[in-house]
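> Listed here are the chains, written in short residue letters.
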Amino acid sequence: MDFAPLKVVVSGPVGAGKSTYIRTLSTTTVVETDEMATECIGKDLTTVALDFGTLHIDGFEVLLFGTPGQERFDFMWSVLCEGAAGLLLLVAAHRPGSFLKARHILEFITSQVPIPFLLAVTHTDQERVWELEEIADFFGLPVTDLLAVDARDRSACARMLHRLLERCLPTGRDEQSRVTA
Amino acid sequence: MAIFGSFDEIPPAEALTATGAANGVFSFRRPPHLHELFLRGGLVVGWKEDGQLVEDIMQLHAHFAELVSVRDGTFQFRRAPAEQVSGPFEVPLRHILASGLAHQEEMSQSELPGPLTVFERIEHRDAWLGEELQVFWERAETRLRHGASAASLVEVTGASVGKAQQYLQRLRLVGMVRVRRLAPGTPARPRPPEARASWEATPHPEGDSISRADLTGIRPVVPSKPLVRRLMDGLARWFR
Ligand SMILES: Nc1nc2c(ncn2[C@@H]2O[C@H](COP(=O)(O)OP(=O)(O)OP(=O)(O)O)[C@@H](O)[C@H]2O)c(=O)[nH]1
Ligand SMILES: [Mg+2]
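Chains as they are written, first to last, in the numbering used here: chain A, 1 to 181; chain B, 1 to 240.
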């Protein structure tokens, strides 16, 4: 069987770990668009255009697209999410200052595009962090929509993508109705 | 560990609603003062200013009216067993926030949901809204049953898009509306013309694989089940 590659969008605020996530999972060279940050964002390099990486599994392809983190609110995200199988929104648990912006992104995208998503919480190893339940409350999501992930850890990143793909499968009820139809 | 942050990044009303119905002490520092709010199961039971307990309910309301517009200072929420959180009041947090928000100055754009973000009303919820918001609510309510954005409410409410964003945000904070997400498998909403322009203005690396991904096509992709299953099996080997 010949399958078109699957597209997954990785979004989130500055420094959440989007580029790292894509680099960790990619089995080919990542298209790097990091540049020196022009404003103070707490780190030197930031992504200025789209990140892009490819993951090959058993001859199949997953395309990973990362959005630039610095923009506040942009229609670009909803365009990017069209045709995507799923969305990973990354937020850093130790940087609550970025939560509001991340919530705006997620709310805009998910009210425009019917896309399965997961909220990936990075940096949970830092000293002072919001708990997963607290972040879930802030985003108005059930805690099952969240998963802690260290973007530097390949198996954690793979587990995250696995969870997202699980959500791309038709639900049990849909399958049932298809069988009886 | 705890909810913490600064009010210039998470405004007070957002920070307070993030505590949900948890029991504990929400403290915030605006030098030289330290304030402590005692919260129990969604109720405000007490307020201390530099250790001094507020005893008059009118004063409590006045404090909230002031607090919602504050954008400096840092906060944290420390959970505590219910029996350790006591005070002279039992005012629902949502109610007292609503009365505070009625007097609030305009929120900045960065605090507001986007003009196209779609909200829906939450059934069986009621809150005192104040005159101005009540008028908006009455005009918008029918539309909000099926989902409406600030932009789509301009016509029925007579409010500008910016004003409608302000009102929807306040309605959300008092628990009257929530975001309406599209369920996977349903059609996408039509894209506004701004979207294409904004997409084209975004620099992205050119390359084979990108054009293959058909980035700009409106092509709702429901990936085939066998493909997803195979990818999942492959991925599982990476973490098992
Ligand atoms: N301690 C810790 N560091 C992490 C974790 N995840 C990612 N990082 C680090 O966080 C830093 C920022 O990650 P990036 O991948 O550059 O973040 P980004 O989201 O691409 O940022 P922008 O492109 O600026 O929007 C990197 O140094 C990562 O190694 C984590 O879970 N824990
Ligand atoms: Mg990056």
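Just so you know, these hints were derived from the structure itself, not from any lab. Don't take each hint at face value.
Said to hold, decoys possible - Computed, partial: chain B to chain A, Cβ under 7 Å: (1) 9; (2) 91; (3) 92; (4) 117; (5) 161; (6) 181; (7) 184; (8) 223; (9) 232.
We treat Cβ as the ideally placed atom computed from N, Cα and C, and that holds for glycine.
> It remains to establish, for every hint, whether it holds in the given structure.
Now for the hints, and whether the structure bears them out:
1. Annotation: interface hint on residue 9 of chain B holds; nearest CB of chain A at approximately 4 Å, less than 7 Å.
2. A least Cβ separation of about 21 Å between residue 91 of chain B and chain A goes past the 7 Å threshold, and the interface hint is therefore violated.
3. Interface hint at residue 92 of chain B: violated, since its Cβ lies 17 Å from the closest Cβ of chain A, which is beyond the 7 Å cut-off.
4. Here the hint on residue 117 of chain B is kept, as its CB sits about 5 Å from the closest CB of chain A, short of 7 Å.
5. At about 13 Å, the closest approach between the beta carbon of residue 161 of chain B and any beta carbon in chain A exceeds 7 Å, and the interface hint on this residue is violated.
6. Given the 7 Å rule on beta carbons, the hint for residue 181 of chain B holds: about 4 Å separates it from the nearest Cβ of chain A.
7. The criterion of a C-beta within 7 Å of any C-beta in chain A is met by residue 184 of chain B, whose closest approach is roughly 5 Å, and the hint holds.
8. Hint status for residue 223 of chain B relative to chain A: holds, with the closest Cβ pair at about 5 Å, below 7 Å.
9. Checking residue 232 of chain B against chain A by beta carbon gives a least distance of about 5 Å; that is within 7 Å, so the hint holds.
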